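Student: Residue strings, one per chain:
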Amino acid sequence: MCDIIWCKKQVDGKDCDTINYLDPYYFWNWEGKIACAECGTVYYIHMINGFMYKGPEERPGEKYDILPLYADKPYDGYSNYRPGVEGRTRPYECKPRSWLTGTADMVKFSIRNRPVRGWRPQPPSAGLAGQFPYNWDIQKLTPEVWEEYQQKLAKGEVKDW
Amino acid sequence: MAKDPRVTRIEDLPGPKSQGEMDEMKMPYEEYCKKAFDVGNEHTKPEALKGIKWLSCTMYIFTPHSVANLAELGAQVVKIEMPRMGDAMRHTSPFNECYLYPLHDTRPMTGTGLGFTNANPNKYFLTMDYHIPEMVEVFYGLVKKFDGLTELYRPGTMDKWKMSYRYLSEINPRFIYVWGGGFGYGPKIFGGSYDILGQAHAGLASITGMHEYMGGHCTKQTNWVIDWQSGNIITCSILAAIHHRRKTGLGTMIEFSQVQVPTRMLGHTLPMYGKFGIVRQRWGNWDTQLCAHGIILCGKSDFPDADNPQDKFDARYVMVSAFQDADFKELCAITGMKNLYEKYKSHNQRCEGEAQVEIYTALEKWAEDKSRSEVAKILQDAGILAEPVRNDREVYESPHYRERGTVRWLDDPLFGDMLLHAGYSCGLMEKTPRRINWHWRPVGADNKKVYQDWLGVPQSKIKEWYDKAWI
Numbered sequence: 000m001c002d003i004i005w006c007k008k009q010v011d012g013k014d015c016d017t018i019n020y021l022d023p024y025y026f027w028n029w030e031g032k033i034a035c036a037e038c039g040t041v042y043y044i045h046m047i048n049g050f051m052y053k054g055p056e057e058r059p060g061e062k063y064d065i066l067p068l069y070a071d072k073p074y075d076g077y078s079n080y081r082p083g084v085e086g087r088t089r090p091y092e093c094k095p096r097s098w099l100t101g102t103a104d105m106v107k108f109s110i111r112n113r114p115v116r117g118w119r120p121q122p123p124s125a126g127l128a129g130q131f132p133y134n135w136d137i138q139k140l141t142p143e144v145w146e147e148y149q150q151k152l153a154k155g156e157v158k159d160w
Numbered sequence: 000m001a002k003d004p005r006v007t008r009i010e011d012l013p014g015p016k017s018q019g020e021m022d023e024m025k026m027p028y029e030e031y032c033k034k035a036f037d038v039g040n041e042h043t044k045p046e047a048l049k050g051i052k053w054l055s056c057t058m059y060i061f062t063p064h065s066v067a068n069l070a071e072l073g074a075q076v077v078k079i080e081m082p083r084m085g086d087a088m089r090h091t092s093p094f095n096e097c098y099l100y101p102l103h104d105t106r107p108m109t110g111t112g113l114g115f116t117n118a119n120p121n122k123y124f125l126t127m128d129y130h131i132p133e134m135v136e137v138f139y140g141l142v143k144k145f146d147g148l149t150e151l152y153r154p155g156t157m158d159k160w161k162m163s164y165r166y167l168s169e170i171n172p173r174f175i176y177v178w179g180g181g182f183g184y185g186p187k188i189f190g191g192s193y194d195i196l197g198q199a200h201a202g203l204a205s206i207t208g209m210h211e212y213m214g215g216h217c218t219k220q221t222n223w224v225i226d227w228q229s230g231n232i233i234t235c236s237i238l239a240a241i242h243h244r245r246k247t248g249l250g251t252m253i254e255f256s257q258v259q260v261p262t263r264m265l266g267h268t269l270p271m272y273g274k275f276g277i278v279r280q281r282w283g284n285w286d287t288q289l290c291a292h293g294i295i296l297c298g299k300s301d302f303p304d305a306d307n308p309q310d311k312f313d314a315r316y317v318m319v320s321a322f323q324d325a326d327f328k329e330l331c332a333i334t335g336m337k338n339l340y341e342k343y344k345s346h347n348q349r350c351e352g353e354a355q356v357e358i359y360t361a362l363e364k365w366a367e368d369k370s371r372s373e374v375a376k377i378l379q380d381a382g383i384l385a386e387p388v389r390n391d392r393e394v395y396e397s398p399h400y401r402e403r404g405t406v407r408w409l410d411d412p413l414f415g416d417m418l419l420h421a422g423y424s425c426g427l428m429e430k431t432p433r434r435i436n437w438h439w440r441p442v443g444a445d446n447k448k449v450y451q452d453w454l455g456v457p458q459s460k461i462k463e464w465y466d467k468a469w470i
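Chains as they are written, first to last, in numbering that gives the first Met the number 0: chain A, 0 to 160; chain B, 0 to 470.
The hints are simulated quantities; they were obtained by calculation from the structure and are not laboratory data. Keep in mind it's a predicted model, so treat the numbers as computed, not measured. Warning: the hint list may mix true and false statements.
Unchecked claim - With beta-carbon atoms standing in for the labels, derived distance ranges:
no.: 1; chain 1: B; residue 1: 269; chain 2: A; residue 2: 30; range: 34 to 42 Å
no.: 2; chain 1: A; residue 1: 50; chain 2: B; residue 2: 303; range: 24 to 32 Å
no.: 3; chain 1: A; residue 1: 142; chain 2: B; residue 2: 249; range: 25 to 33 Å
no.: 4; chain 1: A; residue 1: 110; chain 2: B; residue 2: 412; range: 45 to 53 Å
no.: 5; chain 1: A; residue 1: 110; chain 2: B; residue 2: 17; range: 50 to 58 Å
Unchecked claim - Derived contacts from chain B toward chain A, CB cut-off under 7 Å, selection only:
no.: 6; residue: 4
no.: 7; residue: 214
no.: 8; residue: 217
no.: 9; residue: 415
no.: 10; residue: 416
Ideal Cβ placement from N, Cα and C applies to all residues, glycine included.
Please model the entire structure based on the sequences and the hints provided.
Tutor: So this is what it looks like as structure tokens:
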């Protein structure tokens with residue numbers, strides 16, 4: 000369940016009927032003003048431990064503190080504003096990392112700048128039935144990464160931790 | 000010196016002269032621990048389970064982890080995977096980004112996901128389609144030479160293939176056989192399981208997370224705690240079975256239902272129901288028996304300028320424990336909640352639901368204009384137990400974990416520089432410590448070692464099986 004503000008404001012003779020979704024984790028204990036993503040009406044709420052203690056109350060003419068995370072209009076085929084629509088919804092920033100790409104990330108060095116093997120493609124196994132009977136010698140198998148590693152060593156970028 | 004040179008007097012010998020002196024001369028306990036456990040030099044010591052040989056027909060985390068424990072302790076564990084596919088867990092990676100290549104010669108553009116880590120260190124990787132008639136005898140050949148097997152198929156699958164305990168114990172009476180799966184025999188025998196199902200079905204999720212009244216919901220742990228814990232408990236059973244075999248000479252069968260494990264973790268929940276008919280409620284970051292004893296939210300992040308949202312927004316939680324009267328009095332004094340101390344002087348009063356709501360709300364109000372580290376420092380300086388809630392980066396940077404070797408870097412023979420905890424986060428052993436030799440190896444990487452060196456299969460035969468995709 001996510002707490003919502005269902006905006007019933009009359010705009011041009013029609014109900015706004017927009018559901019503004021608030022992120023529950025952000026709003027366990029919060030007091031302030033939120034603008035409707037569709038019509039911009041400002042509502043005051045006061046939440047204590049996730050319970051809507053006061054509001055939503057309209058505050059015409061006042062400036063909002065925050066925007067909803069997501070909004071949709073169920074009577075309009077669920078047309079919606081996804082997170083991060085400028086001026087309407089706030090961006091959703093709780094991603095695991097800021098540079099999430101969703102595609103395979105093939106780094107060649109660890110965070111302490113030592114070589115990580117296993118990027119794609121790797122040379123095939125040597126021998127019978129897919130066996131790997133040896134340690135991967137980076138100097139012989141990937142001399143260009145070895146060279147880059149030497150440069151990092153020379154610059155003092157390789158750390159213990 | 001004694002008059003008679005043949006007499007040895009203790010006072011003439013070097014070293015302590017009395018029990019008291021000996022106690023004084025002992026090295027400080029911390030130095031003793033450092034020397035005894037000698038973190039970083041695990042590989043110079045013997046392995047506890049050296050000589051134990053185990054087969055593993057397992058997938059995902061739960062059953063692989065049960066034998067990974069054995070492999071970390073020195074057992075020779077052979078993981079048997081389906082040819083050219085491998086364990087399904089290999090194809091699982093956080094956010095589809097973290098792969099290590101190659102998976103197998105025939106699939107150079109497919110990798111093994113980091114989700115595979117920690118459940119498969121030190122194992123030998125064999126491929127075999129053991130359920131086809133051509134390979135059954137080869138499988139039996141392995142059973143004759145090994146001490147045990149762990150498998151996870153739906154109940155009765157291995158029995159259908161004539162590979163269950165009742166068949167294998169006829170070949171090798173010392174064989175220890177583990178079935179680990181969802182429900183086990185009973186009304187839901189055919190029910191499969193995942194960690195989340197275990198947490199939900201066994202009542203654990205219902206008492207995890209904040210109450211709905213407080214804006215929370217029943218919650219699963221982000222990580223697969225039931226998988227990891229089930230693996231640990233199976234390992235206990237295996238070690239007990241090995242000990243039993245030493246006394247009787249006979250193997251045994253272990254049947255392990257994953258959905259029992261969260262029940263084991265429910266503490267007093269079920270006995271309380273039995274006695275009073277009370278269904279336990281979840282209480283999230285607070286505690287039903289202790290107050291104040293929970294996690295609070297502070298107003299400011301410790302890393303407001305960080306890129307990573309986990310640092311930027313989430314570095315705001317502090318664990319606080321001040322449930323004893325004197326501690327609670329001090330907590331109230333430094334946070335300006337003296338009225339609350341007057342109101343809830345006894346511990347029983349503080350543990351009431353309404354009191355907890357009031358106390359934690361007031362604490363969070365006090366912490367509203369402070370950062371996490373400020374709150375922790377103020378409380379620690381006042382002698383109250385408080386610690387910031389750390390993320391994994393902070394765990395990595397913690398000197399405590401580094402000194403004890405809990406997190407460390409390994410130069411993996413195939414994959415290079417990798418950060419790990421695995422067996423090193425399982426406590427220290429003086430004489431026979433756990434160790435990690437490699438994280439994992441590609442599918443079938445040890446085919447030749449097992450088939451040729453251990454079973455004596457000629458190379459031409461191995462090649463033929465490989466070309467037919469039997470191995």
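Student: Is the hint on residue 415(B) kept, meaning its closest Cβ partner in chain A is under 7 Å away?
Tutor: holds, 4 Å
Student: Hint check: is the beta carbon of residue 416(B) less than 7 Å from a beta carbon of chain A?
Tutor: holds, 4 Å
Student: Do the beta carbons of residue 110(A) and residue 17(B) sit within 50 to 58 Å of each other?
Tutor: Because 54 Å falls inside the window, the suggested range holds.
Student: Given the hint of 24 to 32 Å, check if residue 50(A) and residue 303(B) actually sit that far apart at their C-beta atoms.
Tutor: holds, 29 Å
Student: Hint says 25 to 33 Å; check whether the CB-CB distance for residue 142(A) and residue 249(B) agrees.
Tutor: 57 Å Cβ-Cβ, so the 25 to 33 Å window is violated.
Student: So the hint says 34 to 42 Å: do the beta-carbon atoms of residue 269(B) and residue 30(A) match that?
Tutor: holds, 41 Å
Student: Within 45 to 53 Å: is that where the Cβ-Cβ distance between residue 110(A) and residue 412(B) falls?
Tutor: Given range 45 to 53 Å: violated, Cβ gap about 20 Å.
Student: Close enough to count: is the Cβ of residue 4(B) nearer than 7 Å to one in chain A?
Tutor: Violated, because the Cβ-Cβ distance from residue 4(B) to chain A comes to roughly 56 Å (cut-off 7 Å).
Student: Take the shortest C-beta to C-beta distance between residue 217(B) and chain A; is it under 7 Å?
Tutor: violated, 12 Å
Student: If you take the shortest Cβ to Cβ gap from residue 214(B) to chain A, is it below 7 Å?
Tutor: Result: holds, 2 Å to nearest chain A Cβ.
Violated hints for the displayed structure, listed by number in ascending order: 3, 4, 6 and 8.
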